[in-house]
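There are 2 protein chains.
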Amino acid sequence: MSYKLFIPGPIAVSDKTYKAMATPIFGHRSKDFTALVEDCMPRLKQLFYTKDPVYLSTSSSWGIMEGAIRNVVNKRVLNCCNGSFSDKWFDVSKRCGKEADALTFEWGKPVDPEALDKALSSGKYDAVTIIHNETSTGTMSDISALMEVLRKYEDVISIVDTVSSFSALPIKKDELGIDVMVTGCQKALAIPPGLSFLAVSQRALDRSAKTEGRGYYFDFLEFQKNMEKSMTPSTPVIPLIFALRSKLDDIFEEGIENRYARHRANNKLVREWAYAKGIELFPEEKYGSVTLNCFKNNIGIDLPKLLDELKRRFKMVFDGGYGKLKGQTFRISNMGDETPETMGELLANIDAILPEFIK
Amino acid sequence: MSYKLFIPGPIAVSDKTYKAMATPIFGHRSKDFTALVEDCMPRLKQLFYTKDPVYLSTSSSWGIMEGAIRNVVNKRVLNCCNGSFSDKWFDVSKRCGKEADALTFEWGKPVDPEALDKALSSGKYDAVTIIHNETSTGTMSDISALMEVLRKYEDVISIVDTVSSFSALPIKKDELGIDVMVTGCQKALAIPPGLSFLAVSQRALDRSAKTEGRGYYFDFLEFQKNMEKSMTPSTPVIPLIFALRSKLDDIFEEGIENRYARHRANNKLVREWAYAKGIELFPEEKYGSVTLNCFKNNIGIDLPKLLDELKRRFKMVFDGGYGKLKGQTFRISNMGDETPETMGELLANIDAILPEFIK
Numbered sequence: 001m002s003y004k005l006f007i008p009g010p011i012a013v014s015d016k017t018y019k020a021m022a023t024p025i026f027g028h029r030s031k032d033f034t035a036l037v038e039d040c041m042p043r044l045k046q047l048f049y050t051k052d053p054v055y056l057s058t059s060s061s062w063g064i065m066e067g068a069i070r071n072v073v074n075k076r077v078l079n080c081c082n083g084s085f086s087d088k089w090f091d092v093s094k095r096c097g098k099e100a101d102a103l104t105f106e107w108g109k110p111v112d113p114e115a116l117d118k119a120l121s122s123g124k125y126d127a128v129t130i131i132h133n134e135t136s137t138g139t140m141s142d143i144s145a146l147m148e149v150l151r152k153y154e155d156v157i158s159i160v161d162t163v164s165s166f167s168a169l170p171i172k173k174d175e176l177g178i179d180v181m182v183t184g185c186q187k188a189l190a191i192p193p194g195l196s197f198l199a200v201s202q203r204a205l206d207r208s209a210k211t212e213g214r215g216y217y218f219d220f221l222e223f224q225k226n227m228e229k230s231m232t233p234s235t236p237v238i239p240l241i242f243a244l245r246s247k248l249d250d251i252f253e254e255g256i257e258n259r260y261a262r263h264r265a266n267n268k269l270v271r272e273w274a275y276a277k278g279i280e281l282f283p284e285e286k287y288g289s290v291t292l293n294c295f296k297n298n299i300g301i302d303l304p305k306l307l308d309e310l311k312r313r314f315k316m317v318f319d320g321g322y323g324k325l326k327g328q329t330f331r332i333s334n335m336g337d338e339t340p341e342t343m344g345e346l347l348a349n350i351d352a353i354l355p356e357f358i359k
Numbered sequence: 001m002s003y004k005l006f007i008p009g010p011i012a013v014s015d016k017t018y019k020a021m022a023t024p025i026f027g028h029r030s031k032d033f034t035a036l037v038e039d040c041m042p043r044l045k046q047l048f049y050t051k052d053p054v055y056l057s058t059s060s061s062w063g064i065m066e067g068a069i070r071n072v073v074n075k076r077v078l079n080c081c082n083g084s085f086s087d088k089w090f091d092v093s094k095r096c097g098k099e100a101d102a103l104t105f106e107w108g109k110p111v112d113p114e115a116l117d118k119a120l121s122s123g124k125y126d127a128v129t130i131i132h133n134e135t136s137t138g139t140m141s142d143i144s145a146l147m148e149v150l151r152k153y154e155d156v157i158s159i160v161d162t163v164s165s166f167s168a169l170p171i172k173k174d175e176l177g178i179d180v181m182v183t184g185c186q187k188a189l190a191i192p193p194g195l196s197f198l199a200v201s202q203r204a205l206d207r208s209a210k211t212e213g214r215g216y217y218f219d220f221l222e223f224q225k226n227m228e229k230s231m232t233p234s235t236p237v238i239p240l241i242f243a244l245r246s247k248l249d250d251i252f253e254e255g256i257e258n259r260y261a262r263h264r265a266n267n268k269l270v271r272e273w274a275y276a277k278g279i280e281l282f283p284e285e286k287y288g289s290v291t292l293n294c295f296k297n298n299i300g301i302d303l304p305k306l307l308d309e310l311k312r313r314f315k316m317v318f319d320g321g322y323g324k325l326k327g328q329t330f331r332i333s334n335m336g337d338e339t340p341e342t343m344g345e346l347l348a349n350i351d352a353i354l355p356e357f358i359k
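Residue numbers (this note's numbering), protein chains in the order written: chain A, 1 to 359; chain B, 1 to 359.
Pulled out of the complex, with its shape left as it was, chain A reads as follows:
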């Protein structure tokens, strides 16, 4: 039973990547391991557009999203909330025992730079969290405008989640001035889940050094100490680092710019297919994500039944809406290795059965 995944992560993984994962492992304190890390690192930094160190965390992205809170929040964090995952980050901040406020926007709206500026001008905050691409609603905030605001506040550390946008479009960490940029492997990188990445500025490392109770597993300074030797603090998920190396080969063979263009083209293809049926985008079009489309279910599709049949008959899966939007929206991912042909195949398969499932 194997299905092609068009859900917004984890997504379809190539046979080549699976094969790379079966590379025989070695000890994580060996020269073989440091050579593997050193093989990945320059190209990984290039995808982050950074000269800062990039750390490898054996965890899902939530691990380092929590870790970032524990490392940099001394005073009070402002969590920008415009969807399920960003709302949850606010909850996680409080669970870490930190003082936190939510800057809330309606689901489907982006984070608003003016509102951010106003909130920060209170002087109450020493850290901000932003999710660049809110996967739950397919909403992509304008990170350039938001970072323009953040660069005015010298004492505020910016933590930006690029989990579901990284490597699908350029997010230029150093140029934008992002302090802590977090991502995962199971979205546009098309690696099975279990490895996450964070690039950390010197400012954020300095803050970390002054922050109590940050623990060990996600401690920035431990990551840094080990990365200076091309190592990780604890035993890492080595098969996924092999997968990363293989995927970096793929990405740079294709060309980064070509990869970005392919994501845009695939995204547009799906959006136009939907528009032709009168299906509306859930977020405002300008803020629609490049890696997935979240559509309103405004034509009365019986989503659970359609999804069952698509899976049974065509072995393909997309998503029937996240959290409180379940049934009211559906999401089609175009991340990773997809092409206009594979996206077209999905859409043709949906077309073949859709009329049966309009209520």
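In case anyone wonders, no lab produced these hints; they're calculated from the structure.
Keep in mind it's a predicted model, so treat the numbers as computed, not measured.
Don't be surprised by glycine CBs; every beta carbon is placed ideally from N, CA and C.
Hints may contain errors.
[As the list claims (entries may be wrong)] Just a few of them, taken from the derived set where beta-carbon distance is under 8 Å, the chain A residues facing chain B:
{"hint": "1", "residue": "P10"}
{"hint": "2", "residue": "F26"}
{"hint": "3", "residue": "S59"}
{"hint": "4", "residue": "P239"}
Given chain A, put chain B in place with the hints provided.
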């Protein structure tokens, strides 16, 4: 460049396990995923000898070792320290902002039940950490005797690390009364690193509910809430759960008792080989680990050179001593899928070159 690993983790992984890891992934909120978890869980619980829930954590073992501290320590933790990893657990406890004391024993000595009893009788502690098998020194403490002491202290939560002993000998969680039993996948389970397991008692869950600042990623109550639906709080490392299922098949096909006997036999084989050369065990023999032998380098082996040559000529690797014991000790693992034949091959290869490397 592929080497057979006889280091104390990560260890050699079978082709069958690598193949299982390449099973096409599915969404972690799908019925396919819950079916996978439900397929593993009864057998995993059997290996823990527990009726308590067992949680799957996408992290190395250090993640949940830190997590356990954050979940159950309200008052003060007593960290039993008799080697590099247990010493580090004391350090990690303090880094979590917890009050902590070390109960220290010489490296190579086991944790002493009488000393533990005396320390606990102070009434200062609400949690204790013990590493059953100190991998750094190859020392296995008497967990039955230690748990006999701990069972007297109703308010003290016991956290036992069985990372490098689990599944190589019976550690009967419920019968012993261990509250939080922690292990990893990359030792005797012979799975590549990146997945860890913890079985948690109701008492420990109750304590967790009263503990502030435990966060999200390693929160026992989040693990519990999700495991009630056979899920995990965050996107899990699915390929390693496929590997787990495959490995459980192997283990129960072999028979648990046969597996234990095989580990004992392999361990004895290596120990007797060393004794015949006048090489001494680092810990007192009675407390020598069943999963690895840590030997004194008392016959003057040039370990770095021997290890290089063994790797170059025979594509095999063992360990040249951990931390402050580097060069003074060496460690040969017999965990996982090894047989008297494969262990014999390693020893014959060492014998073939050893005379060249005695100083």
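A quick look at each hint next to the structure:
no. : hint : in the structure
1   : P10  : holds, 5 Å
2   : F26  : holds, 6 Å
3   : S59  : holds, 5 Å
4   : P239 : holds, 5 Å
Checked against the numbered hints given earlier, the structure satisfies every one of them.
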